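Trainee: What follows is each chain in one-letter form.
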Amino acid sequence: MNPLAEVIADMPDDATRGTLSDPAGWLDAHGDSLYRFALQRVRDPATAEDLVQETLLAAWHAKSKFAGKSAERTWLIAILKNKLIDHLRRSRREAPLPDADIADEVVDSMFAEHNGHWVRTPAAWSRPDDALEQAEFWKIFQACLEALPARHAQAFNLSEIDGLTTDELCKVLEAQPSNVWVMLHRARLRLRECLELRWFGLASENR
Amino acid sequence: MLSCKEVSLLLSRSRDQRLTWRERLGVRLHLLYCEGCRRLEKQLRFLHAAVRRFVASAGPAADARLSEDARRRIRDALPRD
Ligand SMILES: [Zn+2]
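Heads up: the protein sequence lines correspond to chains G and U, in order. Numbering-wise (the numbering used here), the first sequence opens with residue 370 and increments by one. Numbering-wise (the numbering used here), the second sequence opens with residue 4 and increments by one.
The hints are all genuine.
Coverage of chain U stretches by chain G, computed from C-beta distances (three or more under 8 Å per stretch; other residues unrestricted):
| no. | segment |
| --- | --- |
| 1 | 17 to 23 |
| 2 | 42 to 52 |
| 3 | 71 to 83 |
Treat the hints as calculated values from the structure; they're not laboratory data. All values reported here derive from a predicted model rather than from experimental measurement. Note that beta-carbon positions come from the ideal geometry of N, C-alpha and C, so glycine has one too.
Starting from the given sequences, assemble the full structure and let the hints guide the process.
Mentor: Laid out in structure tokens, this is it:
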């Protein structure tokens, strides 16, 4: 059974009266998708639920701007994304992550001081696509992600997973574009090195 | 000539924003003779694919659903036609 049919089958009669263009209908049709989208980004179920509610209320107030039913979920997700950005910004203010150090020794030490060349040339990774099929790889991947400094990790996730633009990242992180790019650079190079040391380096003949 | 450090920053930035033609040219020239940075470029693409897959499958919310309680609470807070 498709998820929508399942939801409708679960519902008491009076709730099925709504059409897909009112908030209760949106909740039935898209609530789980919106919830999952939010939960993947905030990790906290209660916050994710609040975000779904805020999204549906905002959608209700903005519904005159919505035309065309086919992209209803896309439209709701776009609103949710804005709510998420607001939320991430608020929570950053309340519990600020430590500022990214001006200097990141880990990344700085990857390059020679006098000419900026790689100190250790990145290895050729053998069969990276095979790694994606191995449970052991994902454990290491997760450990490497968790080893990133919190602020780098946040920038990285927002860029790579959520596809936030540089402008949006600047808003959430309240940083200048150049700082955002430096954070992302550090996150990616640290993650790259971690995977090389703990996974790819072991299988590679280049080391 | 750009250093590996500069090129690695540009390669990373190019994942988020289109580089200027001058930056692209500098990067391309550097990649012609630098194997390390060529590998980095590929690996950055891999990281992107890997992290998306990680979230889709191993993420905490891959099959999460709104609880009945939450659903009721949200429904009660919504305006009715
Ligand atoms: Zn190089």
